[in-house]
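Enquirer: Residues per chain, in single letters:
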Amino acid sequence: MKVSLVLENDSTKLSAIELKQFIITGLKNLYGEVGAAFPFDLLKYDVDSQTALLRVYNRGLVKLWSSLTLLGSYQDQPCAFRVLQVSPFLLALSGNSRDLELD
Amino acid sequence: MYTELEKTPRNVLVCEKSNFENEKARLSSHVEQHYFNHKVSVLLPECDALPPHLDKVLNSFSSFYLVKSLPVYELLEKDFLETVVYKGSTYCLSYRTRIDEDNTFALLPSAKLVLSVDKDTYERLGLEGKPSCYSQKPVSRYVVTVDLKDRGMAPGGHGHQRILTALREQLPLQSDFLLAKHDSALQEGGAMQSLLSRYEWSEHRPQVNSNVLMALPCPPLLSSDLRGDHESCDPQSFLEWLGAIDAGISCHNRTSGFLSTFICPEPETLASQALRCSISGLLLPEDIYRLVEELRRFFDQPKRTSWLALTVHGFMDSPVSWGTMEHGFLKGGENFYSLVLFQNHDYWLYMGTGSNDGCPP
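Chains as they are written, first to last, in our numbering: chain U, 1 to 103; chain P, 1 to 361.
To be clear, the hints were calculated from the coordinates, so they are not data collected in a lab. All values derive from a computational prediction rather than experimental measurement. Glycine included, each C-beta is placed from N, C-alpha and C at the ideal position. Mixed in with the good hints, there may be bad ones.
[What the hints assert, rightly or not] Ranges between beta-carbon positions, derived for each pair:
#1 S73/U to S29/P: 49 to 55 Å
#2 P361/P to G72/U: 44 to 50 Å
#3 L30/U to S202/P: 46 to 52 Å
#4 G72/U to R168/P: 46 to 52 Å
#5 N22/P to S73/U: 31 to 37 Å
#6 T69/U to S237/P: 48 to 54 Å
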C-alpha cells in the first residue's frame, strides 16, 4: 500500500519509527491485541511528504486499511491517512499512470 | 471471527518460460497486444553505464501528442479513418479519465474504437454495447466496441453514419486524448495534422531516467528453474524484489527488524553495481519490442551477469489490457508484464493483472 499521512499542522513530521508505532496503536485500538497481532512492514518512508510504502499479508489488508481510515488524530492533532495505491504486486506501485502529468 | 475481514480480491500472475529461438515463442504477440503502455523499467546487473545501442533506442521512442477537448467523433471522420486509422499503428487513449468513475475512450491499432461509459451515457448514446464484465447488479458501466474496419462501418455506410450521428449530435462526447502513431512523423498536410490544427495540442517525448545502484543484493536465477523449485527464487519473491528495486526500497533489513523485514530472496549474490533506467509516457508496443531486441544484444559481449530484467506497466485506466480484453479498476488497475532475459536466449515472462481483469493470454 502506498499511503500518505496528512496532519493539520504541516510542520509536524513523524519519523519512520513513530509512524509505524502510530499505525500499530491504531490497529490495537480497533481490533485489540489479538486482532492486531499480524506483521506489516514499513518498506519505505519519505519524511518530507510523509508518504510510506507498507507491505502486509493478504489476510491483514482489510484490518490495516480500515484502521488507517479510522485513525483521526495524532497527539491530539487531527490527521488523516490517504491511501494512494494498493496492489498485490509491489512492482505495480512504481508504475502508476495516474501520476502522469503533461499539462 | 475475522474470516470475512481476511478476504481480498483475486489477482492473476501468469508465468511463461521460452526461448527466443523457439518458433512457437509468443513474446512478440504478448508485447504487440499490450497496446497502452505507460512506463518501461530496465534493470541491468553488473552494469554502470547505459550501452550506446540501448541509449539510442530509448531516445528514439515515438513521440506522442496530448490533444485537448477532442470530440470522439473526430476519430471517425472519413479522412482520418482512411489515411491514419486504417493504416494501423495508431494509438489513442483518453487522458486523465478514470475507468472506475469516468467515461473512458480508446482507439486501438486494430481500428477498434472502445467506449467504456456509465449507464446514463450509454442510454443517451443509443449505441449497441455490452454490460461491463466487472459491473455489479444493477449494471452501472457499459462497453461499446466498434470495429471500424467492418464493412458496415465504411465511411458513408449506414453503420458509420449511425455512430457518427450518435457521437456528434445525440451526445457529443469529448475528452483530452493521448495520441500516437508509430513510425510516422506529423505529415505535412496530412489528416493527422489537419485534426490537430483544429484543437489545442502539444507534442511530448517519453521521459528517460537512469541511475546506478551500488552493492545490490540479487536473487538467484537459473533459466531452467522458473518455478523456483531448485536454485532459483520463486516468481512472487522475484517480482517483489524487482518491485523493491524499482521503488528504491532497501533490502538491507534484519528479519527481526521493527520497521521492515524485507530482504533479498536467498541465497543472494552481490552485484557490485547495477543500472536502473526507465522511460515513461505513451509508449508504443513497436518501440518496446525494438528495445527487447536491443536488450538481447546486450549479451553479445561477455557480461558478468547472466540475466537482465525489463518491466512494462500498462495504463491503469485503459479500457483494455491485452488485445480487446476488458480492463477495469477495483482497488488497483495494474496490468503489467516483466521479462527476464538470459544469456542463453531463454526468457521468462510474468504477466500480472488485478481483480477487474481477465487472465492474460
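Enquirer: A separate judgement is required for each hint: does it hold in the structure or not?
Expert: Outcome of the hint check:
no.	hint	in the structure
1	S73/U to S29/P: 49 to 55 Å	holds, 54 Å
2	P361/P to G72/U: 44 to 50 Å	holds, 46 Å
3	L30/U to S202/P: 46 to 52 Å	holds, 48 Å
4	G72/U to R168/P: 46 to 52 Å	holds, 50 Å
5	N22/P to S73/U: 31 to 37 Å	violated, 60 Å
6	T69/U to S237/P: 48 to 54 Å	violated, 30 Å
In terms of the numbered hints stated before, the structure departs from hints 5 and 6, listed from lowest to highest.
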